[in-house]
Structure formats: structure tokens, C-alpha cells
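Chain residues, written in single-letter form:
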Amino acid sequence: MFQSDQNEGDPRAVNVDLQTDATLQVDISDALSERDKVKFTVHTKSSLPNFKLNEFSVVRQHEEFIWLHDSFVENEEYAGYIIPPAPPRPDFDASREKLQKLGEGEGSMTKEEFTKMKQELEAEYLAIFKKTVAMHEVFLCRVAAHPVLRKDLNFHVFLEYNQDLSVRGKNKKEKLEDFFKNVVKSADGVLVAGVKDVDDFFEHEKTFLLEYHNRVKDASAKSDRMIRSHKNAADDINRIASSLYTLGTQDTTELCKFFLKVSELFEKTRKVESRVAADEDLKLSDLLKYYLRESQAAKDLLYRRSRSLVDYENANKALDKARSKNRDVLQAETSQQICCHKFEKISESAKQELIDFKTRRVAAFRKNLVELAELELKHAKGNLQLLQSCLGFMKTNT
Amino acid sequence: ILLSDGPSPAITPITPPTSVIAPLFIDTLCLDKCTTLREEVDDSFDINISVSDPEKVGDGMNAYMAYKVTTKTSMSLFKQREFSVKRRFSDFLGLHSKLASKYLHVGYIVPPAPEKSIVGMTKVKVGKEDQSSNEFVEKRRSALERYLMRTVKHHILLKDPDVLQFLESSELPRAVSTQALSSAGLLRMVNKAADAVNKMTIKMNESDAWFEEKQQHFESLDVQLRKLHISVESLVCHRKELSVNTAQFAKSAAMLGNSEDHTALSRALSQLAEVEEKMDQLHQDQANADFYLFSELLGDYVRLLAAVKGVFDHRIKTWQKWQDSQILLQKKREAEAKLQFTNKSDKLQQAKDEIKDMEGRVQQDERDFEQISRTIRKEVGRFEKERVKDFKTSIIKYLESLVLTQQQVIKSYFTFRYVTASV
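Residue numbers (the numbering used here), protein chains in the order written: chain A, 1 to 398; chain B, 1001 to 1423.
It cannot be assumed that every hint is accurate.
What the hints assert, rightly or not - No more than 30 Å apart at the CA atoms, straight line, and that leaves these computed lysine-lysine pairs for DSSO-like:
hint : chain 1 : residue 1 : chain 2 : residue 2
1    : A       : K131      : B       : K1240
2    : A       : K271      : B       : K1153
3    : B       : K1153     : A       : K261
4    : B       : K1392     : A       : K381
5    : B       : K1278     : A       : K268
6    : B       : K1240     : A       : K118
7    : A       : K381      : B       : K1240
Said to hold, decoys possible - Pairwise CB distance ranges (calculated):
hint : chain 1 : residue 1 : chain 2 : residue 2 : range
8    : A       : K268      : B       : E1055     : 39 to 47 Å
9    : A       : T110      : B       : Q1216     : 14 to 22 Å
10   : B       : T1263     : A       : L53       : 43 to 51 Å
11   : B       : H1262     : A       : K268      : 35 to 43 Å
12   : B       : S1170     : A       : K395      : 39 to 47 Å
13   : A       : T110      : B       : H1217     : 17 to 25 Å
14   : B       : I1230     : A       : A363      : 23 to 31 Å
15   : A       : K37       : B       : E1129     : 55 to 63 Å
Stated by the list, open to error - Here's a subset of chain B near chain A, in silico, CB distances under 7 Å, partners left out:
hint : residue
16   : L1235
17   : M1255
18   : D1261
19   : Y1413
Since the hints were made in silico from the structure, they are not lab data. Yeah, the Cβ is synthetic: ideal placement off N, Cα and C, and Gly gets one too.
Using the sequences plus the hints, can you model the full thing?
Below you can see the structure in the form of C-alpha cells.
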């Protein structure tokens, strides 16, 4: 139904400041929205010897992205990294419902009103579509930019294998298992969060992330509400413009010219207001939502580290016990060494990951806040100019 | 001082609502001194009325709000150039009631009084001095002011003794029959219903296309204004929501800034919180402008159009009365003709006398009908001129409020951009 034309405003670089290099470049060059699924064309350019060609494309669906993400999460080797958060499922339900309602209500409005509303809903649909493309793309780019994850075999298969990966969505049993895994994790999470860490760096990060995550969640929700009100107000101005137009065409006094002029003005200003809401959504809401997911991924990393610390401590206790009983000492020693090594490996990479996370976060916020300010200024100036020119006209003509 | 029966009640001054009106946007609609184009007025129209200082008088369910009505004028009609009186809401309703009973049925478009609100007033009586009851009082104050200005702008009504007494006299007899739940109130409701039924059954042979045309024009105007009013009311509501949601987001952003451990970013987020707080205030102010400059204008005109319709309906009733008299006259003539063939000479004389009377009545009714038709033509002309001026003035003021808002937005984001660029 809708095809995305890429590079319009480059939504990809919105939330992550990525250094892409020539050895591996990934993007979503095209996307197709069908009845109940979206097909993304994943395009890769690479000079790496792992791939047969230097440039190639495959078609992937959302479930395949999730499969890739989950394979990272389940891979013990990657326990010490922040796994790039999975893109959210494409959700056109609300938009589709609105379009359907519009179709049903066609008889009750004038042709102009219907066409106008239809255009707006289609624009909304397109905006959601572009967003979902951007979010899937950001995920892939984050993986491609990561020094270790980019070498992952599953990732290469995802990029290159031009057949369906046959990853059916999780069935009921698997979903239930996931659910219990999450329950256990959060119970553990509470336990683990209570234990004070010896390492200052991680102790600080833990405190910081727990609070930060909650506040980002709150800010994200409030930002969404604010933007929705903005959209509602813009819709009202749209209706006001239509009513004024009708009044202008019907009035018998000199007000008719007046009404038409004001109607024209409001048509233009409400487009600006809609753009303000859309830009706030992009620069603020999306940013907050993204860092909500990333801070969760960072928390997950801390949790994994804490788990491995607990395992290490338990292995130490087991070793002491074995030594005191002088039984299975070698086994206990080996086990303890494995745990120690695992813990140290995770700690080392986690430290770097968390530092990188901060760098990325600061860069993304700075970029978006500056861009937000620029856009707000641009739109306000645009609005002001429209209003002043209309006022000027009206004052000289009365 | 208002005359009342009971002991002198306590007067509780109402704290003026602080953020209900932004002084930036609102000055009364009526401050423009308009020179009239009407031929009837001798001195130039120079009068300004303000309604201010709402004060709660009394306690509990008998409490009421007293408003100060100040008139400033250079017209010779008045004894002084500047004077004030205290009036309560029912006084305004009483004034309108008197004017309506005197002038509506002869074709004058009498501006309707603001609407009663049992819910709104009860909150005030009960003593809830909160945001919503302050807003209610302010809405009412503004509506009363607009009502008086519209009334005095009418050259005939301005000279009415009831109007002069209302503006000048320090004491006014209580208008009890305006109470919603009084017997007079119930009678009014019954009459209104009866009128509605009658309207449906009278079909007039319109000899003058002008009236039909105007009636249709006002009907379609009514439909459109109501539609526009609903949209503007929705805008006011959503803008208020936007203000609330922006304030909440500002708080949330401040919290986020507090927990951010990168110093410069933390500062930028605090700045974001500050800018959004400013936006919250701007949205609130704009919502008030939306309401007072746009929404209330539309509401007033929807009510005014009802008065216009009423006047057209009165013309139809007058016509009907004339038709009925003519029919009665015809009947009497037929009866007289029949009596000619009898020998009842005294009855015959009586019949001839009745015919004489009836002919007089028919003539009077015809004159009434022609008079009301003439009056309505002039009134419609006056009304339309007022309407054009009203809408232009208000909408220009409204656009100016939008301009001011955008200028403030630019100022706020300019500072914000400066700070965030240094992150």
C-alpha cells in the first residue's frame, strides 16, 4: 500500500549518533505495508570477506528482527554487552480503525471535509509507517556499529540469506516460558538490586540507571499526552477553518471576505501546528521512548553481571566447603575459575558499554534538543508571519 | 447599597482570579468609542459601561454576587459623567424582562441577558473559592458587561427609563419574578412551549420577499455559527488540556534532569523543563483568549439570533391578529346582512356599531403590522451593521492574541536553544 522513500529527513540518525564505516553499512532501502504485515528490504554494503557479494538486499519481516534480537539476548557470549533494544511491533491498528470510521461516516460530511480528513489520516498512516521503518533500521545500525555483535553469525545470516528465515512467532508455550523468565528476573532484580556493590563505578551506575529508567518512562508518557493534546488542538483549528469557509461563502455582508481570509489563515496555521506536534513527537517522544528501551537494556546488563557475581560468590563458597571437606576440590576449583573469569569478562565489557551508553545518550539528547529548539523557532516564526500578514491585510481593508 | 429585607449581610470580597484572564489580551470588547451612523441619535454615542468587583454578599443558599456597574459618559441623557451602582444578577434579568415585554412584540431586537446557571451559582454560594468558581464569576462578569454594552448601543433602548434607572439609581426594587424556580418562571416556560406550538401552525402569505429571504439567511447563519461555536469550544477545552499536560511534562523533564548524571545535559534538561513551564502559561493565556474573544462572541450571537427569530415570529403573530380581525369583521358583516331581513331594529343597530368598532380594529391591526414590518427592516439593518463591526473587532483582537503568543514562544525557545547548544 505505502512505499517509503528513504532519506526524507533521515530518521535513522535521530536517536543514535552512529559512526558507520565502510566495512559494514546496513540500511532499510524500501518497505512495503501489506494488510497485516510490513516487509522491510534490508540493504547491505560490505567489504568484509564473510559475504559473497559486496552489496545485496533481502526482505525481512518484524518477527525476524525479534528472532535476531532474542538470539543475542540468549547468547552467553554477549552477556557483557548492552543488547540493542528490539524495535517495537509495527502498529497500524489505530490508524486503520480511524480510516475505517472515516469511510463509514462519509455520508455525514461534505465532499471537501471528507477529502481533507482522508488526506490527513493517510498522512498519519504514512508517518507511523516511516517511524517503524526508522526504528527497525536503528536496531540494525546499532548492531552493525557494535565491534563484537557485527561479527555475529546470525546477524550475517539475517543480512544475507535471501530466503525466509522461517522464524514463526513464538507459540503459546514459548510465550508462557518467556513470561515466567521475566517474572523470575524481576524478582531476582529486586534481590540483586539490594546488594551493595563493592565496585564504586557499578554501584553508581546501578543507582543511576534504576532512577533514570523510571524517570524516562514518566517523561515519555507525559510527552505523549502533551503531543496528543497538541494534535487535538490542531484538529479543532482545522474544523474552525472549514466552518469559517462556509460562513464566508454564505454571508451577505462584507464579513464574507473577512471570514474567507481568516479561514485561509487558519488552514495554514493549523498545518504548522500539526508539524509542531509531529516534530515534537520525533525529537522528544521518540527520543525518550528509545532511551527507555536502551536504559532497560543497560539494566539487563547490570542484572546479568550481578547474576554472574552471585554465581561467583556461590562458587567461592562451594570451593571453601570442598576444601574444608577435602572432597571434589579440583572440580570446585575449576568451577570457581570459570565463574571468576565470566564475572571479570562481563565486568570489563560492561564498564565500557555503560560508558559508551552515556556518550551515545548525551550526544543524542543534545542533538535532538537543539533540533527541537530550532524547529519550534522555525514554526513559531512561520506562524507569526502568517498571522501578521493576515492582520496587516485586514486592518488596511476595514 | 442594595435594599434587602434581612439584616445587613456580611460582604466577602472575592479574590480576583489571577490566571483567569491575561491582561495582555483582554480589554473589554466595548472600549472602542463608535460613532453611530444612525439618524435618530442627537448627541454622538459616547458611553462606556464596565462591570467589575464581584463581591459575595451573605452566606449559604441566600448568598448572592454583587457587581459594580460603572458608567462613563458625556451624553446629556445622564445626570452625571461618571457614576457607579451595585447590581446583582437577578437585577440584570429583571431589566431584560422589562425591555423584552416592552419592545420585542413591536419588532425591536432586544439583546438577551446572560444565561442562568444553577450549578455554577450554587458552587459560589456554597463558598467554594476555587479556580472553577472564580472562572464562573469572571465568565459571568464579562457576559454581564457585554450585555449592558449591547443594550445601550441600541439607540431606543438607551433612552428607556428602565435602562436609565438601572444604570443610575442607587436602589432598585428586587426582581423576584426572574427566579428560575418561581411561579413566574414556570409561567414563562409554559408560554414558551405554547409559542413553539403556535409557530408550527401559522402559515403566512408572505407578500414581501425581503422577510422570507432574511429569515432564511438568519436561519442558515444560526446553523453555521452553532457549528463554529462547538469547534471553538472544543479548541478551548483542548488548549486547556494542553496546558495541563505541558505542565506535567515540565515537571517530569525537571525530574529527568535531576537524575541525569552528565552535568551539561542535566542543565539542558532543566532548561527544557523551564521552557515547557512557560509554554504551559502561554497555552493557558491563549485558551482564555480563545474563550473570551472568540467563543463568547459566537455564543452571544447564537443567543442574539434567537432574539432576531423571535422578532420575526412576532411579526407573523401580528399578521395573524390582523387576519383574525378581518375574518371577524367579515362574520359580523354577514350577521348584519342576515339581520337586515328581520324586524329586530335594535339588534341591527348593535350589529352596525360592532361593525364600526371592528373596522377600526382591522385598521389598527393593519397599521401595527406595517409598523412592525418597518421596524424590523430598520432593526435588521442595524443588527447586521453591529454584527459586522463586532466580528471584525473581536477577530482582529483574537488574531492579535495569537501574534503575542507566538512572539512569546519565539522568545522562550530562543533562550532555550542558546543553552542547549552549549551542552
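Each hint tested on the structure:
| no. | hint | result |
| --- | --- | --- |
| 1 | A/K131 / B/K1240 | holds (29 Å) |
| 2 | A/K271 / B/K1153 | violated (39 Å) |
| 3 | B/K1153 / A/K261 | holds (28 Å) |
| 4 | B/K1392 / A/K381 | holds (25 Å) |
| 5 | B/K1278 / A/K268 | holds (25 Å) |
| 6 | B/K1240 / A/K118 | holds (27 Å) |
| 7 | A/K381 / B/K1240 | holds (23 Å) |
| 8 | A/K268 / B/E1055: 39 to 47 Å | holds (45 Å) |
| 9 | A/T110 / B/Q1216: 14 to 22 Å | holds (20 Å) |
| 10 | B/T1263 / A/L53: 43 to 51 Å | holds (48 Å) |
| 11 | B/H1262 / A/K268: 35 to 43 Å | holds (40 Å) |
| 12 | B/S1170 / A/K395: 39 to 47 Å | holds (42 Å) |
| 13 | A/T110 / B/H1217: 17 to 25 Å | holds (20 Å) |
| 14 | B/I1230 / A/A363: 23 to 31 Å | violated (47 Å) |
| 15 | A/K37 / B/E1129: 55 to 63 Å | holds (58 Å) |
| 16 | L1235 | holds (4 Å) |
| 17 | M1255 | holds (5 Å) |
| 18 | D1261 | holds (5 Å) |
| 19 | Y1413 | holds (5 Å) |
The structure is inconsistent with the numbered hints 2, 14, although it conforms to all the rest.
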